[in-house]
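Peer 1: Each chain is listed here by its residues.
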Amino acid sequence: MASPVNTPVISAKSLDLTFQTADAPVQALKDVSLDIAQGDFVSFIGPSGCGKTTFLRCIAGLETPTGGTLTVNGMPPDEARRARAYGYVFQAAGLYPWRTIAGNIKLPLEIMGYSKAEQNDRVARVLELVELSDFGAKYPWQLSGGMQQRASIARALAFDADILLMDEPFGALDEIVRDHLNEQLLALWARTNKTIGFVTHSIPEAVYLSTKIVVMSPRPGRISDVIESPLPKERPLDIRDSPEFIEIAHRVREGLRAGHSDA
Amino acid sequence: MASPVNTPVISAKSLDLTFQTADAPVQALKDVSLDIAQGDFVSFIGPSGCGKTTFLRCIAGLETPTGGTLTVNGMPPDEARRARAYGYVFQAAGLYPWRTIAGNIKLPLEIMGYSKAEQNDRVARVLELVELSDFGAKYPWQLSGGMQQRASIARALAFDADILLMDEPFGALDEIVRDHLNEQLLALWARTNKTIGFVTHSIPEAVYLSTKIVVMSPRPGRISDVIESPLPKERPLDIRDSPEFIEIAHRVREGLRAGHSDA
Amino acid sequence: ADEVKLQLQWVTQAQFAGYYVAKDKGFYEEEDLDVTVLAGGPDIAPPQVLAGGGADVMLNWMPSALAAREKGLPVVNIAQPFKTSGLMLTCWKDTGITSPQDFKGKTIGVWFFGNEYPFLSWMSQEGISTDGGEDGVTVLKQGFNVDPLLQRQADCISTMTYNEYGQVLDAGVSEDELVTFKYEDQGVATLEDGIYALEENLKDPAFKDKMVRFVRASMKGWKYAEENPDEAAEIVLENDESGAQTESHQKRMMTEIAKLTAGSNGALDEADYNRTVATLLGGGSDPVISKEPVGAWTSEITDAALK
Amino acid sequence: MSKVLPVLAVVASIFTLWYAAVPFMNVKETLTGLERAGTTVVPDNPIARRDASAVALVLRNSFAIPATYAQERPRLPAPHQVAQDLWETVVLKKVTSKRSLVYHGWITLSATLLGFTIGTGAGILLAVGIVHSRAMDMSVMPWAIASQTIPILAIAPMIIVVLNSVGIQGVVPKAIISAYLSFFPVVVGMVKGLRAPDAMQLDLLKTYNASGSQGFWKLRLPASMPYLFASLKIGVAAALVGAIVAELPAGGARGLGGRMLTGSYYGQMVQIWSALVFAAVLAASLVLLIGWLQNRTLKRMGLL
Amino acid sequence: MILVLSALIIWIAMWGLNTRLANGPHAETRFIRLLVPAIFGLTILVAWELLVRGLAVPLVILPAPSHVMATFFSELPTLWLDFKQTFLKGALSGYVIGCGAAFLAAILVDRYDFLRRGLLPVGNFVAALPIVGTAPILVMWFGFDWQSKAAVVVVMVFFPMLVNTVAGLQETTVMQRDLMRTYGAGYWATLTKLRLPAAMPFIFNGLKISTTLALIGAIVAEFFGSPTMGMGFRISTSVGQLALDMVWAEIVVAALAGSAFYGVVALAEASTTFWHPSHRK
Ligand SMILES: Nc1ncnc2c1ncn2[C@@H]1O[C@H](COP(=O)(O)OP(=O)(O)OP(=O)(O)O)[C@@H](O)[C@H]1O
Ligand SMILES: Nc1ncnc2c1ncn2[C@@H]1O[C@H](COP(=O)(O)OP(=O)(O)OP(=O)(O)O)[C@@H](O)[C@H]1O
Ligand SMILES: Cc1ncc(C[n+]2csc(CCO)c2C)c(N)n1
Ligand SMILES: [Mg+2]
Ligand SMILES: [Mg+2]
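Residue numbers (the working numbering), protein chains in the order written: chain A, 1 to 263; chain B, 1001 to 1263; chain C, 2001 to 2307; chain D, 3001 to 3304; chain E, 4001 to 4281.
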């Protein structure tokens, strides 16, 4: 199922996770196995409640699996978290409203003990990366939703985490802005060779961005298909009208529909 | 620009709307002219802040234009509102949490003074229409997001408004559920021959549903293109892979991108 | 029966035994009166209640009543059941106080709320400042109990012979640990519990007649209480709505009260009145009343009642 | 279980602290009493003891520690002294007796309930006015806040006198003061609650062309329920305090306030403490009762 | 009778004026926002004055506002002395100690869930103790001077402040906390960079409630014993002397001081929690 080309950065083997809730236990993940290699761009897609977020949180060490093994860079995720191996981008921008944009981006740098000069340096660099250089002194609520989302991506990029985990980062944006951010994200990925885990609901987005698309299905959450993308690393936006693209999109949609109907 | 085939149900002529805000006035609509005929399914698409919601609210008499003329069924929108000519579906389901699904649907009926028997009758009818017959006694939070959205559509259908206005009703749903609701909405529209105004951010959705697609662009909000769809009334889901469909979608995307770049 | 509402100046206790006895024994009924006794308390100013029409007559200490009169509320003393003052200052003997001059530099608890006047007059007569410091006394507004003395937050506190003094003894203190100064002995005694009504009401003959009967019955009650202190204390206890008073305490209070009412048949003694006024007018830089009051008392009621 | 255990632990440590504090609080009076009874204590005169520290006194006269727990007029009564007094006045006395705390509690409670009803009613009405009239919102709100800075205990006697002078007596003046204290939290909470519906919910009614009163009954009122209950809880506790305060000027009269006053008047600390504890239990029960009502109502409304 | 009638007429007229101002085009300007409540207050005063005169209410029951104002200005030195004693010494020091202690306690309580579940219910119980009962006890313990007043204030403000601060510290969203975890942030970093800033609106809510409690507490405590100055002392003594004008002058001072105190805290709030939706607009 997985592609063990080089040693995987993230490796999950028969992962199980059951939530103990008030009435009945919920099996959020069942027998999930997946390897992610250095430099992969992996998208997770699947209907609501299939465990995408849960799986991402397991990788980030925010949730503890109840079964199976999971290693990140060869260590348990919790340790990797403390070693600051990740940048995590949440579904909503989640900026702290009492800090300016620059202040928000500085937050992880302060916590990780970077020097003042280094902090300012990095803030300037990532602000430029996401094209928000003029907005560092503004407060989050003074920016549009799209700009906030870019700021939150900048925040995750500010410290050099090898792994970037993004949970539906563009869910709330309109199609055009989304296209634009997709292009930028691809460019960034190509430049930095980071490993990226990306949750989305949009089939075209998943196909456009990924080297690997993981289709999940719910109750219990499991992986129903893993599709390796044959698309080249260089992807102009209109690649989406190409037959290969439509072919993959079709396969993803079929996988999704299968997951829905047997739920 | 418009299609004055038969006498339009909704007719806007050089509509202007400027909001007076604390710092500077915002021109939300500028010189908007549009005719909508009986039985039309009109989609509004455009980047955030281009005035889609504002225009819909003007039609519903919830906002008063600062210039131009707007008539609904030949009367001012405010009068039409008082004559209860509309059903309005908001972006979020907006069900009252203290009422059951049936209670929520009953709400407009109570206000409009239907008899008890008539109320129950209609609730049963529309619940069936949206396939929620078994859920009348449940509370909103006991239903999934998609079911809630269907309930809110049922609420708008319960009284016989000729005009249905829907503001991004499916924005929060995942793609599969959305496809399903799109199909149902089309069937309903075909059956009842209502006039529908529909706001969306999704190009495929707009193309799939509409007889007429209105592309808007922001600052100031205006109509940048109106596309009459040549698609037949009968539309299976896979029509979306047809060349005509892709052609229209492409045109819409071009229109949108133009609006974005000159903003 | 004619209704009369009487406002007391403190909570139900044997200090007001005469009125409770008169009511209980039917003396008021005999005079065709229907009397309601309203208990007072730490924040009730009886003159204010009178002014508001909440009561027809009140009990008050004369300094407070005369001050109210100067403030524009014309109250008139119509009877004076208390002949002698029970007010005193009680000090720890081990503070070294033996005479009023030793108060200098000491801390003294005083009742305010209109009852500070006698103390202020006394201190100004002695030429002692009440603003603290080496040569003055530090005055505390005393709460309602004797704890400030027991806990030595104050060197002296105000006590009534019939109440607080007993409480100090009840707390286990023996009399020879204490030094007391009776205002009566210091020549600064002012008249205590008197019966007052509004001047304008007294112009009405019907009201006057009511008062005559009221005073007569009340005095009958007082004399009965003097003679039967234990029974009077029981009657007070029955009328105590708080349920906090104890029998032993009320019996002793009644005994002490009887000593204060003993010399009075209800009529105000003009000499006592003049001494009170002189004390108050002599109050130094900040006299309690600024001019000789006119018409602050009348003997008409008692004259008619005692006839 | 996990709810009870921490509470028990905290209560237990409070009692421990309390017991530990008793000797230090009471040592001076205890020693004076012992000295009077003929025991030798150090130092041997009250003035020196007044100026000595309590800790030193306890250490140097450790034999006196048991006596500090049995003082008749303690500065700090021991918990068992309070408990014993409560037992005697709550359980042993007939509820109709004037020495029964239940009797006095009921007097206070009746004023509280009446005042709470008046205060809540007035608070809701005022909130409705504020929400529906901009003029009222702008003029009244700042003054409602200012009104809370007036020390109620200071004007309570005057209120009672003024009401007396217009012929209102008995439980009503007490209830009015208790209403004065409870109305403010209700106004604040209710204004928030009535304004809780968002623009969308209001617009929905507009599309139905609903009237103002329909909007009130079908939207604003139900939406305000959680806020109403939250402020009712604060309001009922305030109402109780109001009723107790109002009992003071009435002087030694009935009710828990009267108990506290006469307790203070005669230096009966234990009596004050048991009235205090009883009042707090009463307040807690009222709050629990409202919490229960809240649970039921909101559950029935589907808001929980 | 004429005076009573004119009170009624003025009331109606002023109300009409306010209604027009509040619904007028400039209703949102700062000036009108201040003017409308001012007019309302003035109306009350005028109506009060006219009613007192018209109905010939005795001075010893209710003085007219003009009378109160005259006393207020002629007795300024006494009022200032009382204000210093009660507000500056008693209320303010109690407020600072009580709120400070509650703040620290809240951080402890929040850190140890066991404490939170144990202390908060007990705290609610203790907070229900009426001041009327606690004040005499505290006066007995802490003496007659301002220290006992401060103690009463501490007891009064402690639990409202504690409850609000604890609620505020729990206010962060799961996402905000998870963000800190992805940074591997420790307890203190999370506290200072996330939880305290997020708790600010709640902390200020507690601080605002406490302002009025502090003043009332300090005044009421003086009823149970005090030196011969202080606002509560003056009020109770003046009632006994039937100097109701002085009573009301003190109440005016209390209302002014209380509102100003509240206003200062509200201003501080506006400048620290400017980011909160309720302040943005
Ligand atoms: N903390 C939790 N406690 C109990 N159940 C949980 C918890 N978190 C998630 N779940 C359940 O686990 C399942 C998977 O949830 P998850 O959030 O991973 O879904 P998802 O794929 O991210 O869905 P979505 O697309 O809606 O974000 C769901 O059934 C959810 O209800
Ligand atoms: N009540 C209002 N006051 C002031 N400005 C407003 C108001 N409502 C809308 N606007 C402004 O009017 C413009 C159009 O808003 P509108 O809500 O119609 O956009 P939209 O096309 O629906 O956007 P979206 O896709 O984000 O919903 C925006 O610039 C918006 O900020
Ligand atoms: C607040 C207040 N303090 C003192 C007195 C004076 N006083 C008059 S009678 C009496 C009873 C004595 O046992 C006392 C103390 C009062 N009336 N009100
Ligand atoms: Mg998710
Ligand atoms: Mg919109």
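It should be emphasised that the hints constitute simulated quantities derived from the structure, not laboratory data.
Beta carbons are placed, not taken as given, at the ideal position from N, Cα and C, and that holds for glycine.
Accuracy of the hints is not assured; some may be wrong.
Stated by the list, open to error - Partial chain E-side listing against chain A, Cβ under 10 Å, derived:
#	residue
1	TRP4080
2	GLN4170
3	THR4173
4	MET4180
To be verified - Chain C stretches covered by chain E per the calculated footprint, using a threshold of three residues with CB under 8 Å from any CB of chain E:
#	stretch
5	2043 to 2057
6	2135 to 2143
7	2158 to 2172
Peer 1: Each hint: holds or not?
Peer 2: Hint-by-hint comparison with the structure:
no.: 1; hint: TRP4080; in the structure: 40 Å, violated
no.: 2; hint: GLN4170; in the structure: 16 Å, violated
no.: 3; hint: THR4173; in the structure: 8 Å, holds
no.: 4; hint: MET4180; in the structure: 8 Å, holds
no.: 5; hint: 2043 to 2057; in the structure: holds (count 6)
no.: 6; hint: 2135 to 2143; in the structure: holds (count 6)
no.: 7; hint: 2158 to 2172; in the structure: violated (count 0)
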